[in-house]
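Peer 1: Work out the full structure, taking the sequences as your base and the hints as a guide.
Line by line, the protein sequences are chains A and B. Numbering-wise (the numbering used here), the first sequence opens with residue 56 and increments by one. Numbering-wise (the numbering used here), the second sequence opens with residue 2 and increments by one.
Hint data in this document are derived by calculation from the structure and do not stem from the laboratory. Keep in mind that this is a model prediction, so the values were computed, not measured. Take every hint as true, because none was put in to throw you off.
Just some of the chain B residues that point at chain A, by a computed CB distance under 10 Å:
no.: 1; residue: His-74
no.: 2; residue: Gly-76
no.: 3; residue: Thr-80
no.: 4; residue: Glu-82
no.: 5; residue: Asp-239
no.: 6; residue: Gly-244
no.: 7; residue: Val-245
no.: 8; residue: Val-353
no.: 9; residue: Gln-390
Listed next, the in silico PhoX-like pairs over lysine-lysine satisfying Cα-Cα at most 20 Å (straight line):
no.: 10; chain 1: A; residue 1: Lys-144; chain 2: B; residue 2: Lys-270
no.: 11; chain 1: B; residue 1: Lys-84; chain 2: A; residue 2: Lys-207
no.: 12; chain 1: B; residue 1: Lys-375; chain 2: A; residue 2: Lys-207
no.: 13; chain 1: A; residue 1: Lys-144; chain 2: B; residue 2: Lys-114
Glycine included, every Cβ here is placed at the ideal spot set by N, Cα and C.
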Amino acid sequence: MAEPLLTLEAVRENMPENAAVVALADLATKAKFDRNELTITVAAENIVPACQAVQSAGYNFFEDVTAVDWLPNEPRFVLAYHIVSHKLKERVRLAVEVSGDDPVVPSITGVWPSANFYEREIFDLFGIRFAGHPRLTRIMMPIDWEGHPLRKDYPVEGYR
Amino acid sequence: MTPTAAPDMLIPGVEDVVEDSARQHHGSDPAEDHTMVLNMGPQHPSTHGVLRLVLEIDGETVVSCAPDIGYLHTGIEKTCEAKFYQQVVPLTDRIDYLCPMTNNLTYCLAVEKLIGLEIPERAVYLRVLLNELTRIQSHLVWLGTHAMDIGALTVFLYCFREREEILRIFEAVAGQRMMTSYFRIGGLSMEPPIDFYKRVQNFLNIMPEKIREYENLLTGNPIWMGRLKGVGYLSPEDAIALGVTGPPLRASGVDWDLRRDMPFSGYEKFKFRVPVSNDGDVWARYTVRMEEMYESVKIAQQALDGIPEGPITADAPKIVLPGREQMKTQMESLIHHFKIVTEGFAVPAGQVYQAVESPRGEMGYYVVSDGTAKPYRVHMRNPSYATLQALETMCKGKLLADVVAVIGSIDIVLGEIDR
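Peer 2: Next comes the structure, spelled out in C-alpha cells:
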C-alpha cells in the first residue's frame with residue numbers, strides 16, 4: 056500500500072497527473088491520499104461545479120453520497136461523494152463540510168440524477184437540506200416522523 | 002375513478018404524485034385529466050418484498066411511476082454504530098438476504114482495508130468460491146420469481162431445486178442456510194467440513210447442464226419472448242445517469258464489472274468473461290444473467306481447483322479469535338480471546354469505501370473509524386436502491402402489464418433498499 060499523503064500540497068506534488076487533482080486545481084481546499092483512496096475537500100457552495108469538473112475529467116459514474124455526523128465538532132457534518140471513472144478505473148471521494156446550524160448543500164441532481172434518492176436519504180436521516188432538489192421528502196422514515204435518526208444526538212434505542 | 006373524486010380515500014402521498022405528474026406531463030389540473038392512480042403494493046406478489054408503487058395510468062399506459070419505500074427500514078446503519086466491528090457481520094447478512102456472503106465479504110474487506118490486514122490465500126480462494134456460489138443462488142431466485150411473475154410457474158421449482166443444494170453447502174460450512182455470517186474480519190470463521198470440496202465439485206459438475214435446462218424451458222418460448230423482448234428499454238446514457246449497476250447496466254451495453262475492472266479479494270487471479278448486451282431491454286437482462294451463471298460456475302471451479310493449503314485466518318492475534326485448542330492451553334491466547342470478546346479491537350482512524358460486484362450490481366461499504374472499537378459510521382451503497390430510480394424511465398409510456406416484467410428484470414431486494 057502506498058504511503059499516505061496528508062496535505063493538499065503533498066497530494067499535488069506526488070500525484071500531479073491524477074485527473075481529479077488536475078480538474079479540481081482551483082476548487083480543492085484540502086486533499087488526502089490514504090489507504091489508496093483519494094479524498095478532495097471542496098467548499099459546500101462549490102460542490103456542483105466540482106462535480107461538473109470531475110465529470111468532464113472522465114469520472115462519469117456517481118456511486119454514492121452519504122454524511123457523517125461529527126458532533127460536537129464544527130463543521131458538524133461531512134458529506135462524502137464517491138465517483139468512479141469507467142475509463143480510468145479510478146475512484147475519487149469529494150468531501151464537503153457542512154455547519155451544524157441550518158445545514159444546506161446545493162443538490163447535484165442536475166449533474167447526476169442518480170443522486171436523487173441518496174440526497175433524500177441524507178435529508179431524512181441527517182436533516183441536511185439540498186437546495187434545488189426536485190422532491191426533497193422523507194424516504195425511509197414515515198412522513199410524520201420527528202427527528203433525524205442517524206444524528207449522533209439521536210439515541211440508538213429511539214425516544215421512548 | 003378520477004383521483005380527485007374522493008380525496009379522503011387516497012393514501013398519503015398520492016395527491017402529491019398526481020399533482021406533480023399532471024404538471025409535468027399535461028400542464029393541466031388532474032381533475033380534467035383522464036388518468037387514474039393505481040396503488041401497487043406494498044403487499045403484491047410481484048414486487049419482491051414490500052415495495053409500493055404509485056402508478057398513474059392513462060388507460061393501460063403508464064404515465065408516471067413513483068416508488069414508495071421504507072417499509073423494511075430497520076436502522077441497520079444506526080445499529081452498526083453501537084456494535085463492535087466483528088458484531089456488525091451478522092447485521093450485514095440481513096441487508097440483502099439473497100447474497101449474505103457478498104455482504105459479509107464487502108464489510109470484511111472494508112474493515113481489513115482500514116486496519117491494513119493481509120488475509121491468507123486459502124481464505125481468499127474460499128471467499129471467492131462462496132461468493133460465486135452466492136451469485137448463482139441469487140440469480141436462481143431471480144430467475145424463478147421473474148419467470149413466475151410472467152406466468153412460467155415450472156421454472157421456479159427447477160431453480161429452487163439447485164438453490165437448495167447451494168443452501169445445503171452453506172449450511173455445511175456455516176451452520177446456517179441463509180444468514181451465514183461465515184466471514185470474519187481477518188479470514189473465515191472455521192475450516193469447511195471435509196466433504197465440502199466433493200459436494201461443491203458435484204454441484205459444479207451438474208450446474209451448467211441445469212442452466213441449459215432452464216434455457217430450454219424459457220429461451221425459445223414464444224410467450225416468454227413476447228413478454229420480454231423490447232420491453233423496459235434503458236439506454237446506456239440513462240443507465241449511467243440513474244446509477245444503474247450490475248447486470249442491468251451491462252444489458253444496456255456498458256461493459257463494466259468491478260470483478261474485472263477494479264479487482265477486489267483476489268479476483269484478478271481468475272479468468273472469466275463479462276457478458277454484455279446492447280439491447281437494453283428485459284430480454285437483454287435475462288440473457289446477461291443467464292450467461293453470468295455459466296461464468297460464475299467457471300470462477301467457482303478455478304477457485305476450487307486453486308485452494309492452497311494453509312491457515313484460514315490472518316496472523317493477527319489481537320484481531321482474530323484464537324482457535325479453541327490454543328485458547329484452552331495458552332495463557333496469551335486466553336487473554337487475547339477475553340479482550341477481543343469483551344472489548345473488541347481498536348481500528349485506526351480513517352475512512353474507506355470498498356465496492357464489490359454483488360449479484361445485483363455495485364455493493365459498497367463506506368466505513369468511518371474514529372480509532373475506537375466501534376465503527377463511527379457504516380454506510381451501505383446498495384445496488385437495488387439506485388436501480389429502483391431507473392424504474393420510471395423504463396416503465397413510462399409502456400403498458401401496465403410490463404411493469405411486472407420490468408420489476409422482475411431489475412432484480413431488486415427490498416431488504417437492501419430500506420436497510
